[in-house]
Each structure stands twice: as structure tokens, then as C-alpha cells.
Amino acid sequence: MKKKLVIIGAGMASGRMLEHLFDAAPDLYDVTLFNEEPRGNYNRLMLSPVLSGEKTYEEIVTHDADWYEAHGVTCRFGEPVVRIDREAKVVRTNQGSAEYDALVIATGSAPFIIPVVGKELPGVVTYRDLEDTNAMIEAGVAGKDTVVIGGGLLGLEAAAGMAARGANVTVIHLMGHLMERQLDPAAGYLLRKDLESRGIKVHCEGATKAILGHERAEAVLLEDGTVYPADLVCMAVGIRPETRIAVDAKLEVERGITVDDSMRTTDPSIFALGECVEHRQQLFGLVAPLYDQAKVLAKTLQGEAAEFRPVQTATKLKVTGCDLFSAGDFAEGEGREDIVFRDPGRGIYKRLVLEDNRIIGIVMYGDTADGNWFYGLLKDGTDVSEMRDTLIFGPAFQGGGAPDPMAAVAALPPEAEICGCNGVCKGQIVQAVQGGAVTLDAVRAQTKASGSCGTCTGLVEQVMQFTLGDDFAASAPSGMCGCTDHSHEDVRRLIKSMGLKSIPAVMQELGWKTPGGCHSCRPALNFYLLAEWPTEYQDDRQSRFVNERNHANIQKDGTYSVVPRMWGGVTTPAELRAIADAADKYDVPMVKVTGGQRIDLLGVRKEDLPHMWADLNKAGLVSGHAYSKGLRTVKTCVGKDFCRFGTQDSTGLGIRLEKLLWGSWTPHKVKLGISGCPRNCAEATCKDVGVVCVDSGYNISVAGAAGMEVKETEHLASTPSEDEAVEIITAFIQLYRENAKYLDRPYKWVAKVGLDWVKQRVVDDLAGRQALVERFELSQSVYRKDPWAEHSTDRERAKWAPMADLTLEAAE
Amino acid sequence: MSQFVDIGALEDIPVQGARLVRTAQGCVAVFRTADDRVFALDDRCPHKGGPLSEGIVHGTSVTCPLHNWVFDMNTGAAQGADEGQVGTYPARVEGGRVLLDASALPRRSAA
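Protein chains in written order, with the UniProt record's numbering: chain A, 1 to 812; chain B, 1 to 111.
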């Protein structure tokens, strides 16, 4: 007969323990799982992306109903256990009871509520589980004042999540700098600066005195007298182990439920794991040691000997754009030395703390790529005296080798930890890949690497790439969307080799699983087809996203914005008058100057669009394609005609390029900048293509970015000839059109194929360059035209208005 | 009682596209699928009010242009993880003309 195992708490630790148990001994126990939350095990680490809206609850479920059923687990969710009867070996709830042979307490932790006046007011929440997260989402924080009390890991994730939803967030932190347990003051300062640049206010050394409000929370009062208005107050000052049930059962409880090395409490039939336990005077909050506990307890429950030995864990913050890494001890002390690297311009800070020639502490901010390598040295206690001079530059610089992005991963020993959450080392990933797991999903399923917080996904992919070599790129991509298993790259290749010339042909021949595709694959297919067959393929307007279909940018209220082209940012009084007249005639609520040196008319009704375009066309203005995955703007400075520093005619070159490139469709938008001297007033070095003029000619650089990511361009070529500069740029854009995946900006594409590969084709191979330019010209013979003119003819205009007006009929 | 009204020719609606019909209580979007069926839905996504008529039509579904919620045009129900519902109205094609059941349209309250 099977023994009865009862578990109180369906969190991540007990979930992991069950996975180990079912893997090793599926028939040993009948399992009954109680949970106070009305649901099973989900990935709590992923609550911050749920809060910010990047993920949904369904995406973070670890064990669904099918999983529990398949393993024969009796789920009693939403039914809290109220008492343990140790004599009778029974747990009781308000609805019933359950007998056990072995009992596991996995009640986790509860948020710590600071005892101030007003703490029980509506509008004061904690941030611990899905209910808390949903409460914050439902409170509709957009535009509201929100105060987060606590500037630790949890508090900052809550703050960033709410800021992403549009709240005005203030973080109040008791200590002198943020995350003081993981960061030193210098890194704390950089983190604070990053958060402030996203509009999050930070108040350090702030002690909360009271939460003010009558019916509900209205403001937070600090000891120093500062008052912050607050529609919502989130307390995230810390957690304490949830031990009440164990205390009532007279088990030994200190700060947490006391367990021995085998995770057993003072009752031999009762075990505990997770955030509710205390092991050798230590509490645990990070996921990695909890997973270690799960492994140990699964063994203990099978009657095998196992010992829990906590190890050092590293911390990463799961806030997009804040890159930090911390491990070990970094307090200053006698006999300790620091190696510090700072790059203030890029906001990078790295500090290693050494003692007896060994790394004992790591704090990194801004660039954490080498974090795992340092962490490996810390854990192994490696003597670093030999490499001390170059240690801070990371593994790529040890032994004087050239910096190669793969070198860091290649240099890692097999036992180096890659996934901190799940304790997966490089060797296990390599083994899984060699055993046939060639996709990220397969590696995740087999090893769990990158399956929890996901911050090591890039690293896992690098290990796969290193193991698979050239096979990686070919085998890794999954289907371009749910409609097909073919990757973007495959579809492109097959469109060409099979001569597929329409969307229905692609869907038919490549076995699309849906009748008409979806909003994700249709625009991509439309682009691939028109790029491959410019003169034969008929652009499918209904497969375009609304902005490209309507040649204007849709706004949140369903109106549109209209941006006429201003070649190289140059305009005339007549054009400005036409724009002003159009703004008056169509009651445009806002006229705004854009970052791309043009003028935006915002809030235009759809039915007015063709009429406004016709008016603008009369003044010689054409579409600026401010809405397209295509050429957007060519930003210029005034150049040598006016500027005393100008070295070349940058404005003229900008206009020439814009007149050449406009109307072309590309995988994503393309922006150019042309500066007349190295002072770079056109900010050319963060564009997709940038030209910086010098006395001797033109420096062309490509693959910059200034959006969610910021990246400087990389040098492609220099030439004394304007004609050659134009040719190289045209060839670069055509190469991008022919090869990049839809929705990859040039910087992403160049990172994939390598700048050298690009250089070879558009700089070194003159015949190849010429052929690229010719193919671009062929395509432009179709697409270099004003879409506004086509859609504002008398015949077309009617299609922009409603087809019928039933206002009267419906009222009768 | 049904009261089908002629709102225009089928060819006035682009294949895999939509046109609007103005009513007393906001616009109704009339969609045409690749196989020439028509569906009439409220032109307002329950999420953030996006104009569904501007969405990409695929099969008998439409994707809201603002945040990619997908609706089944047969039922008006949001698909996948999103929860929401838009109103649907009986519509059909007869002899190349699109007919919409005006009796089902939201009415202005009697003055």
C-alpha cells in the first residue's frame, strides 16, 4: 500500500520537491496538496513581468491541472490547513481533514508589515503573490501616485512594474542606498540614477512615520516631515517565515521552523522546506537554496541519506535595463583589497573584493557579462594572483587572447554555474545538447536552465552555440509564429527557392496550420515577398499593420498623426504655410516638431486623411513614412554652406540620400543621420546608418540604436567620394532588406551576421556592391512614389469614410 | 423582430478588411473574410477602446491594432489568455449586397 504524503503549501519549493520525488519514485506516495491560495504552483519570480504587463498569469504557471492529475496529486487549493494533530497524524481544515504518514510544511513567508498608523487603510498593499499583483494591476495605477516602502529587491521590482504601467512612483528606503544587502554605495548610486531616469523618485534614509488618509490611503508621512501623495502604498520592506501552524503544533520554531540537514523538524514524521524554515540559524529567501532543499527532501522522503549544505548565491535584479550582479561579501575590512573598474560615460561599475588572493565579493553594475565567471572563481576559492593585472577585464583577457564574445563562455569550466535559480552548471547543459536537446525549449525542459527568472537565457544560448558550433543557428530558431513550424529564415529561403509569389502560395506550399495566418506572420510574409519579387508581387494592403495600411500613425483614441516629408530636415515658408493651413482646416489639436526634423500633425480623423493629404500634395509635400518599416528620416546638420566648422555638404548629402531611399520597405524602420563634422550635431552615431564628414571625406558607420537599447554605430567604411558613400549606404540597406528577419533593426541583424560579413559584401566586393545597388534600384522603380497621392484621388477618398450611416434608422 | 437594412455592396469592403457603419451609439465594423463572409461587431475593443475595424483579419478572427487582442468574429469573444467580449450583430450577403440587422443595433434612448 502507498504511504500518505500531505503537503501544506503549493509554492515553488514544494513543487520542485514533488518533481524530484515523482522522477525518482513515482509510486511511493499518495500525495495530497493543500494551498491557501486558490491555485497551484506558479513561478513567483515572474510576478514582476506580470505586474509590468509583459507576461500574463497563464505564462508563469509551473504546474497546471493536467500535471497534478497526471501525477495523481489530490489538490485541495483554497483550503488552508488550520491545525496539525501530531498524535493522530492528521491535518485539519475548516472543511475536512487528511491523514498522513509524512507531512511537509511549505508555508513560505508572509510580507512584513511595518507597524505604523494607517497600515490597515484600503490602498495599502503588499507584494508577495498573485492576489497582491492583481490588486495593484486592478487599482489601475496609470497616472496615479504610488509609494513603495522598501528599496530592496522586491520593492524595486514592484516600483519598476508599476512605473511601466504608467504610475508616478516614489520609493522610500530606510538605508543610505538602495539594495544595501546586495550592493555597495557606488552601485547603489548607479541603480538609483537608472531608476530616476525612468521617472521613479527615490528617497533614501527615509523612515515612514504614518500613512495618512480618511477613507483610504492618501499620502505617506516620513519622520523628517516629507509628505508624498499616494493613491496606492506598497509595503515591501521584507518577509518573515510563515510559522504559525508549526508553533501551534508545538514544533521547535526559532525565527523559522527548525530543520536538520535532512530537512526534518523536531517531529520525525514532519518535514519542512522553503522560506518558512531555519537551518543552522539561517533563513532563506532566494530560489537557488530552496531548490537545493527540495532535492534533499525528495531524497529524505525516499529514505535515502542526503544533506542540505547552503552555498553562496548570487543576485540579479529582474528589472529590464538595470543590469546588476552581486555575490559574496563586499564590506571593507582589514586585509581586504579592491579592484575597481569604472566607466562613468556608460554607467559601468565593477568591483572585486579580494582577500588572500581570492575573490570573496563581487558587485557589478551596467555590464554583468562576466559575473558568472567571477562567481565561479569565488565559489571555487581560486587563487587569482597570476591573473590579477587583467582580472577585472574578465575571462576574455586572460592569456592575452583577442576579445571574442564566445570566449567568455568557452573559458568556463564544466562545473561553472550558468543558471543560479536552478543550480545548473555548464557541463549539464553541454551534456543535454550533446544528447539531442538542440533548442532552448528542449534544454529548458531537460535541465531547467533559464526556466525560472530567465536572466541567464542569453548565457544558456551561448553555451548551446559553443557546443553546437555552426549547427546552432540552423537548428535553434523555432517557428515564426503559431501558424507554422518554419522559422523566418526557412520561410525566406523557401520563398526564393520554390518561387512562391503570393501569401496564399506560401501558406499552401509550406503547410500553414491556420486558414489565413495571423497578425504576426502576415506582415512578415508580405515584406519577404515584396523584397524578393519587387516587380511581380502585388503588395497586400490587408496584411499590413494599420499604420502602414492607412499611411499614418494610429493614436490611442483612434485618430491619426500625419508627418509630411522634409528632405534632410529642410523646409520652406510655402511648405510651412501649407502645413499651418492644413492644421487650421482640419482642427488639428496638436502640432509638434519631431526628433527627426519634421512636423507632426496629431489627432487627425481617419476620414479627413485623404483630404489633408491632397492639400499637402498641392504644396509639394509627400508622405514622410513616419509610420513605416522603411526609410524614416535623414537627419542632417547645416554643413559647410553655413557652419564655420562644417567640412562637407552634409545637408546636401542627406537630401540626396533621402530622395534615393524614400519609399523603400525594410524589415524594420531605418533612420539616417549625416553630420558635417565630428562635433556630430545630427547625432549620426546612434542611427541605423550614420555619416560623419571629415576634411578627407566621409566616415560611414552602421548598426546604432537609440531606443529601448542605446548603442553606438560601428565603423563600416571611409571614402573621399560622396558618390561612393551613397553607393555603400544603398548597398548596405539592400543587404539588410534581403537578409534580415522581419522586425530586426539593423543593429540586431548586424550582431547576428557580424560586421565583417557585411563589410565583405558592401565595401570589399565591388561587383557584389554594384549588384546590390541595382537590385535596390529595381525595387525602387516600383516603390519610390508617394502613397498619399495614390489614396487621395476622388475615387479613393470615399473609402476612408463609413460605408453607411444608420444614425437615423436606429433612432426611429 | 429582425429588420435587415442594405448598407452597401460587398465589394465596397476590402477582402480581409472592414468598413464602418455609423449608428446612434457608436460605430459598427462590418468585416469581410477571405471567403466573402461578413461579420458585424462593435468597433471598440473592450481592452482600451481600439478600433477593431483597423485590425488584421485572419480566418474568422480579427486582431485589435492597439494591443493585439484577438477576437473570434463568430462570437465576439476574446481569444487566448485575454478575457473580453464585443457585441456582434446579424449580417449577411444577398445578391452582392450587405445586409445588417438594424433592429439589433444599440438604440438611442427614446426622447
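Hints listed in this document are in silico derivations from the structure and should not be mistaken for laboratory results.
Using N, Cα and C, we set each Cβ at its ideal position, and we do this for glycine too.
Take these hints with a grain of salt, some might be off.
Dumping the calculated BS3-like pairs for lysine-lysine here, alpha-carbon to alpha-carbon at most 27 angstroms [to be verified]:
#, chain 1, residue 1, chain 2, residue 2
1, A, K55, B, K48
2, A, K659, A, K759
3, A, K2, A, K209
4, A, K785, A, K592
5, A, K501, A, K299
6, B, K48, A, K669
7, A, K741, A, K618
8, A, K299, A, K89
9, A, K144, B, K48
10, A, K556, B, K48
11, A, K669, A, K585
12, B, K48, A, K752
13, A, K513, A, K741
14, B, K48, A, K606
15, A, K741, A, K711
16, A, K2, A, K89
17, B, K48, A, K799
18, A, K55, A, K448
19, A, K513, A, K592
Sample of chain B residues lacking proximity to chain A, with all beta carbon distances greater than 10 angstroms (derived) [stated by the list, open to error]:
#, residue
20, D12
21, P46
22, G49
23, E54
24, N68
25, A77
26, A78
27, Q85
28, V93
29, G95
30, G96
Among chain A residues calculated to face chain B with C-beta under 8 angstroms, some are [stated by the list, open to error]:
#, residue
31, K448
32, G451
33, L510
34, W512
35, P515
36, G517
37, L530
38, Q542
39, S543
40, I554
Structure-based check of all given hints:
no.	hint	in the structure
1	K55(A) with K48(B)	holds, 18 angstroms
2	K659(A) with K759(A)	holds, 24 angstroms
3	K2(A) with K209(A)	violated, 55 angstroms
4	K785(A) with K592(A)	holds, 25 angstroms
5	K501(A) with K299(A)	violated, 60 angstroms
6	K48(B) with K669(A)	holds, 26 angstroms
7	K741(A) with K618(A)	violated, 38 angstroms
8	K299(A) with K89(A)	holds, 22 angstroms
9	K144(A) with K48(B)	holds, 18 angstroms
10	K556(A) with K48(B)	holds, 8 angstroms
11	K669(A) with K585(A)	violated, 31 angstroms
12	K48(B) with K752(A)	violated, 36 angstroms
13	K513(A) with K741(A)	holds, 21 angstroms
14	K48(B) with K606(A)	holds, 18 angstroms
15	K741(A) with K711(A)	holds, 20 angstroms
16	K2(A) with K89(A)	holds, 16 angstroms
17	K48(B) with K799(A)	holds, 25 angstroms
18	K55(A) with K448(A)	holds, 19 angstroms
19	K513(A) with K592(A)	violated, 45 angstroms
20	D12	violated, 5 angstroms
21	P46	holds, 14 angstroms
22	G49	violated, 7 angstroms
23	E54	violated, 4 angstroms
24	N68	violated, 6 angstroms
25	A77	holds, 16 angstroms
26	A78	holds, 12 angstroms
27	Q85	holds, 18 angstroms
28	V93	holds, 14 angstroms
29	G95	holds, 17 angstroms
30	G96	holds, 14 angstroms
31	K448	violated, 24 angstroms
32	G451	violated, 20 angstroms
33	L510	violated, 16 angstroms
34	W512	violated, 10 angstroms
35	P515	holds, 4 angstroms
36	G517	holds, 5 angstroms
37	L530	violated, 17 angstroms
38	Q542	holds, 4 angstroms
39	S543	holds, 7 angstroms
40	I554	holds, 6 angstroms
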